[in-house]
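Since the structure of chain X is provided, determine the placement of chain S on it from the hints.
In order, the protein sequences belong to chains X and S. Residues in the first sequence are numbered from 1 upward in steps of one, following our numbering. Residues in the second sequence are numbered from 1001 upward in steps of one, following our numbering.
Incorrect hints may appear among the rest.
Unchecked claim - What follows is a set of in silico ranges between Cβ atoms, one per label pair, in the way DEER data are often shown:
hint: 1; chain 1: X; residue 1: Ala108; chain 2: S; residue 2: Ala1436; range: 30 to 40 Å
hint: 2; chain 1: S; residue 1: Asp1575; chain 2: X; residue 2: Ile161; range: 55 to 65 Å
hint: 3; chain 1: S; residue 1: Arg1211; chain 2: X; residue 2: Val245; range: 56 to 66 Å
hint: 4; chain 1: X; residue 1: Leu144; chain 2: S; residue 2: Ala1436; range: 45 to 55 Å
No lab work stands behind these hints: they were computed from the structure. Keep in mind that this is a model prediction, so the values were computed, not measured. Yeah, the Cβ is synthetic: ideal placement off N, Cα and C, and Gly gets one too.
So you can see what is in the structure, the chains are spelled out below.
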Amino acid sequence: MIARPILTLISALCLGLLAGGTVAGQDAFFDEGNQRYQDGDFDGALASYARILEAGLESGDLYYNLGNTYFKRGEIGPAILYYERARRLMPGDDDLLANLDLARQQTADEITPLPEFWLFRAVRWWVGLLGLTALAWVVALAYLTATTAVILVVLTPGTRIAMWARRATIVAAAVTIVFGVNLAVRELGIGAAQEAVVMATEADVQSAPSDDSALRIFAVHEGAKVRMGRRSDEWVEIVLEDGTVGWVAAQQLEPI
Amino acid sequence: MTFARRLPTRLALAMLGLLCLPASGLAQTARAYLSQNEVGLSQQFVLNVEIAGTQQLDADPTLPDLTAFAAYLGSGTSTSMQMANGRTSVTLTIQYQFQATAVGTFDIGPITVPASGQTLTTEPLTIQVTNAPAATRRSGGTDGGVAPDDLFITATPSQDTVYVNQPVTVEYRIFTRVNVDGYNLAQQPSTAGFWAEELTVPQAGVEQIIRNGVQYASSVIRRVALFPTSAGRKTLDPLTIEAQVRVQRRSRGFFDEPFFGRGRSRPVVVASDAVDIDVLTLPAGQPPAFTGLVGQFNVSTSIDRTDVNTNDALTFRLVVTGTGNIRTVVAPELGFPADFEVYPPDVTERVEPSGEGVRGRKVFEYVVVPRAPGDVSIPPVELAYFNPDMDAYAVATSAPINLRIAGDAIDAPSGPGARRRTSIDAQQDIRFIRIAVPTFRPIGASLFRSAWFWTVLLTPLLAMAGAVVTRRHQDRLRGDVAYARRRRASRVAKQRLTKAESLCSPEQHRDFHAEIGRALHGFLGDKLNLAEAGLVRDEIRSHLTSRGVANDVIAPYLTCLEDCDRQRFAPTEPDSAAMQEMLTRAGQAMTTLDQALS
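Just chain X, with the same shape it has in the complex (with noise of 0.2 Å):
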């Protein structure tokens, strides 16, 4: 029968809803955060900001305020921490790359990036083009209109109605095909490096997973954004914007 997955549906998304509201009066400590930072106070707006995160929630806006409360401390390292990891959630955000850039302006290392495949960069730009929330109403729209489309298409052949329901179905289709995409490689993370930004004052990297002072290639500095690739018991190994390799212990990490 029909009516039980329906139900089942049904009971699921108020369970979605749910899970979506009001749990902990984040909403209130945003608000407190928020103005605690106004008046100066950040240890107190980090106390708040923190209790939504200890309540299980995050937000792009949040991370972006927790980095600009590290930021006023003079924390470089868990600003910029905060700020990548706001723009994991938002990533074209106008504000946040402003402030991102003025934070590693205030980081010890001087990293050029390497020029990076022009084919990579268009890729990165599209997939970063739209905020989450945008891209999946997006998608959804797509999707109902493409399959209500159909539904058309299929219960009033041989009308007007049909072969106009039919060119909507082609477009839709392709729309949420192609942001579809986008959203599934934003979600599943797919393509995305681990990365992790230096906590330390002054971490030394070395050329193997060894505390040997001989194996002492440089050091980075709080601040610095690194890629982790293998690690080896509390060592990681870490490829630096520049391309260069090395080993950094991992308590002198902290991944985005």
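Using the frame of chain X, we list chain S on its own:
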């Protein structure tokens, strides 16, 4: 930091001078010292008489009578010449060797030395003769016979009490009576609470210094200027070195001379004492522009041109020179006219870490661009500092600079990057936080785990499936007669029964039964897609049996059909109850048949 420096041995210093240089103009002095201040009974000791400024004596020195406690063994003479700072100094040393013969503390009276027509006198000395076993040297430890008196380090601060930011120079010296091949700084003392500036150590090398009546070879090993960063009592940790001491073979007499001591080197660790320094807070009454400079400073300004056009770039130099914490000088407030564009300065500093304090200069070079014509003056620059020598605050001031600017006023800054300083500063702050409360989502939430996603994904799929089913049904109704008849059989039969119900009265009983018969026949015909007209009892039975319908379903149906036919042509009128019953039976028969066929 480890560095080693060769420390020449005493022997090298006590080189025989071959040249006999006139010692004119140099004051002649004589002094006496002992090889040890404390000796064991029947041990040997050496009384040295050193005469500086001459190499020849008019007569032998006159020794006081030491027979009360010592026996004379013999004497020797050595001459040394040292060149330092372009001056040559000559020393003659006469060594008298004695053996202690009595226990106690004895005074050695002044020794008179007739030299170059004068009579020189030495200071009196004291010697202690103990009962210590003759074979052992008085030794403070196990360091290969190196006593604490033989090798030690002193730390001498230039002052015990300083103001915050006033430098105190600490000089570390090594004193030795043993042969030291070299040394390493084992532990650099921590300079917590100070900002340290290492000073260069003069290369003068080794000096001979008499300390507590004993001669030592001594050398400066480190000199550092320390700027206390806060007030209070501060303790400098000891400086520790590891010295390579040549251990001599223990033998008597002639071979006891260091020259023949071909022993191995062994490391000996010695440390200086900790040094306490009292740091005072600066007195009250600081000038408004005071930024913590302590010392003596001068400030001067210069500009490369004084006759310029608007939009010409000028170089304005501000030079701070002086003694003190020059590295901490920050650019003072500059009173440039409002229509000057001033770019952030290029700062260079040079510190000379030599001499007693720290001297240096710090240069701030500004590029300035006047935007409006006229005669303008750059006001004097003031630099406030505290002078610890005078115990007072002072302000260094530069001379004002006058400029003549020709040309037209330029309103807009030219080109990018030439914005006003204020707007550049504004650019340097981060953008404001987000005030609007956003939509939060669970951390680590994936779209693919949300109910919304699956609802939106699956509902249209179900709808499409429904549409396809509907469409197929319609198509079949249109093209498949059997399907169409089957689908509408129940509906048609129900319509006929309803019509029969409306005829349910004894007067119309023939029509009533005819209608029921039609309903029963029609239902079966539609269901099995047969022509209703030709359906006789046996045919019906065989059709239904072939479709697997049980006999107890077929029988009531056929009975009902027969009853209907019979009643239709019966002469008597049935009562309405029987008719009602007929209607029910027909309905039931069709329902059971429908279920059996489906």
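Hints and how they fare:
no.	hint	result
1	Ala108/X <-> Ala1436/S: 30 to 40 Å	holds (35 Å)
2	Asp1575/S <-> Ile161/X: 55 to 65 Å	holds (58 Å)
3	Arg1211/S <-> Val245/X: 56 to 66 Å	holds (59 Å)
4	Leu144/X <-> Ala1436/S: 45 to 55 Å	violated (28 Å)
Hint compliance for this structure: hint 4 alone is broken.
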